[in-house]
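Participant: Take a look at the letters that make up each chain.
Protein chains: 6
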Amino acid sequence: MISGKEKDYFEDCELGETLRSNGRTVAEADIHQFAGLTGDWNPLHTDAEFAKKGLFGERIAHGPLIFSLGIGLSVQIPNALPKHFIAAYGIDRVRFTAPTKIGDTIYAQLEVVKLDAKDDNLGVVTTEVKVINQRDETVCSYLAKAAVARRPKS
Amino acid sequence: MISGKEKDYFEDCELGETLRSNGRTVAEADIHQFAGLTGDWNPLHTDAEFAKKGLFGERIAHGPLIFSLGIGLSVQIPNALPKHFIAAYGIDRVRFTAPTKIGDTIYAQLEVVKLDAKDDNLGVVTTEVKVINQRDETVCSYLAKAAVARRPKS
Amino acid sequence: MISGKEKDYFEDCELGETLRSNGRTVAEADIHQFAGLTGDWNPLHTDAEFAKKGLFGERIAHGPLIFSLGIGLSVQIPNALPKHFIAAYGIDRVRFTAPTKIGDTIYAQLEVVKLDAKDDNLGVVTTEVKVINQRDETVCSYLAKAAVARRPKS
Amino acid sequence: MISGKEKDYFEDCELGETLRSNGRTVAEADIHQFAGLTGDWNPLHTDAEFAKKGLFGERIAHGPLIFSLGIGLSVQIPNALPKHFIAAYGIDRVRFTAPTKIGDTIYAQLEVVKLDAKDDNLGVVTTEVKVINQRDETVCSYLAKAAVARRPKS
Amino acid sequence: MISGKEKDYFEDCELGETLRSNGRTVAEADIHQFAGLTGDWNPLHTDAEFAKKGLFGERIAHGPLIFSLGIGLSVQIPNALPKHFIAAYGIDRVRFTAPTKIGDTIYAQLEVVKLDAKDDNLGVVTTEVKVINQRDETVCSYLAKAAVARRPKS
Amino acid sequence: MISGKEKDYFEDCELGETLRSNGRTVAEADIHQFAGLTGDWNPLHTDAEFAKKGLFGERIAHGPLIFSLGIGLSVQIPNALPKHFIAAYGIDRVRFTAPTKIGDTIYAQLEVVKLDAKDDNLGVVTTEVKVINQRDETVCSYLAKAAVARRPKS
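Residue numbers (our numbering), protein chains in the order written: chain A, 2 to 155; chain B, 2 to 155; chain C, 2 to 155; chain D, 2 to 155; chain E, 2 to 155; chain F, 2 to 155.
So that you can see chain A by itself, here it is in the shape it has in the complex (with noise of 0.2 Å):
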């Protein structure tokens, strides 16, 4: 895990800080969880056989399963945004670039592309998110938008 650098204030956010999460490994409980709690019993993640056949030879997780991962792996990385952070703006750009297989290991790569003043009171923060796994391939890309207070004129 490689944390951010404590900071109060979107002035104190910097282009390009990289930070990196913990790893968490995939398992099949993960893909039937989220099978149950969406609803989303597609064959392609929770049929052996079917997926067997299929173009990936086996069962892959949700795209949306491995999304949310991502996300949960960022909030989880110490001072990833400023202290007086105001709210998760949006999600722009996501992209399912490769399979997540059973037993595969991933963890989320943040790097800080754009910092945009709004006015004197806000800014937002864009962060390009990649969910990379242990062979070194990026299965999941997006960009988040945190709308963060800008420091107080005194």
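Take every hint as true, because none was put in to throw you off.
Dumping the calculated BS3-like pairs for lysine-lysine here, alpha-carbon to alpha-carbon at most 27 Å:
(1) A/Lys6 <-> A/Lys154
(2) A/Lys53 <-> D/Lys102
(3) E/Lys6 <-> C/Lys6
(4) C/Lys8 <-> E/Lys6
(5) A/Lys131 <-> E/Lys54
(6) B/Lys8 <-> A/Lys54
(7) A/Lys8 <-> F/Lys84
(8) B/Lys8 <-> D/Lys6
(9) A/Lys6 <-> F/Lys8
Worth flagging that the hints you see were computed from the coordinates, not collected in a lab.
Chain A is already provided as a structure; the job is to place chains B, C, D, E and F on it using the hints.
Facilitator: Chains B, C, D, E and F in isolation, oriented as in the chain A frame:
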């Protein structure tokens, strides 16, 4: 629920087709399960005392949970996509527009907003998805892109 | 709870023996977990808004969940069956006779209703199981058949 | 999957209509989850060392889990029942005919075997369900009875 | 399993009584579920790549999971404590003495090691619990203290 | 939350350092999940009708669940222990001092109470942990012992 019309190929998709999933109540248990699965135990979602004093006055569901439920509800709509569906291409412009509280019921409303023939073999269908609650508020929206086979020319 | 008498063989079973399990409250979480495990997200069980307008005025538990809980509560009763129990033979006449709502507490009441010696080695014990709630309503009933060894003739 | 034909009333049901659900792999996690939900921690299902020395040489799934998965797979088949379905009437002759081991994949095969008009308003549709594994063995079977409205005489 | 003798009061407890629970296999799913429930996603337990390079060469279960399973296995032993059991008094000297790996099977072995009459109404029964795996290694041990009523005089 | 100061070795630990975790609401779903995981379905925890007539007038959480949540909340505090942490050494004097009811919110409060240099390489840090609820009652307490490396003498 409003199911889709049966369709085989990209050519069978229609701009403006509108579908609607079943509803699903978001339980405290779902929020704890999602926190567990992803490791995102932000007190905004799972600490009732903390949330009481916050912006919403009570705990709210994780954004990515609502997004994932939106996907899950969508894939349970019969014939939402043509039979010759190839792959989920990506998701754009995920926005979290209102909080989901414990006990709220959500459903997914889909509208085909773009049909983009890439070449003779492949088209991309873009669907705008709105996750809507029992008070008719849109709590999350996104654009889902699916690669679909074109009808073979014989 | 009313436990069974210790018994070794088919010959030790008594027509009319009556047992009673502990109680168990059926939580919203149990219904969501069962919906997840089985993929049965019928809105009758998991959409509070839909259920409000339906026959029961609120969500009810899945029938097979109540049946499964009945089996689970039964097997936790000590000495319900003889030590030389061989196998669960089958289940007959499963009937869902009243709804189970969120927060109801159920227990299983068992009565041995038939003892059928098949041959010198094997007998079948038929137990009538009633799943009963805190208002003394029978919500599910069934006949469970168990194959049990006969006492060896020395 | 073989979906049903769209049908409105009891009169639209056909003796011999045969449907087939998607498949679903039974994970160790599913067995532990079901043991947890029901409290049935019989070592036959959840103690690998005990099961190694037993009849099947390894752990097997709980019968009521396979039965519940059979129901869950069935209700996910589009148009298995007419729109004017009233209620699940009951289940008869549940039989556990072969073990399900960790990693087996099962699906439900349905055949309408009896159509019984009760009166001018109501009919009972009896469906024989076989839960079948990837080796084409029937692991569980039962008769599911559904009350369905008759077509109104105008 | 070695069950306890039926006993009513503190006076019926015997120093040296030894009980043994059923076994239970520890699944990867159990470790992920416990990580989820408690928020303890230490990579030692849930990151296969990290664990590969560590002291044990693979992932191991959380200590408190094994402790909790030990308690759970113990309470399932019939007659482990007298009927007039009042309360779990506390736990002393919890020690984690060997790792539990995915797929290991554990059981709880109990021995009454101290009987301490506090006054005319109450006694404390101290039980040494060893959680043992299929290789007969003690993986966790602790002393469980239970308050039990004394037999009324007259 | 009160995080720890960054520290490398045993020598950097300070007697009296006090930390505080985030809070976490204990849901009915958590109690059912823990009952499921451990098999401890004591009606005190999971039978609302039984609990209504008991000492506390309602269901209460399992002691080992609260203990496990205390551990889980503690490990989420950044810098609770030095980087050269070696192993959790054991837990002493676990006491359950007040009930936790459904909907209560708990957090863990840590205080370093003993620093014990064993030899030139190793020290033991003893932390008193109190699990406290929203009414400032201590519901569980214990002493956690951690083995930590001493600063190398160069």
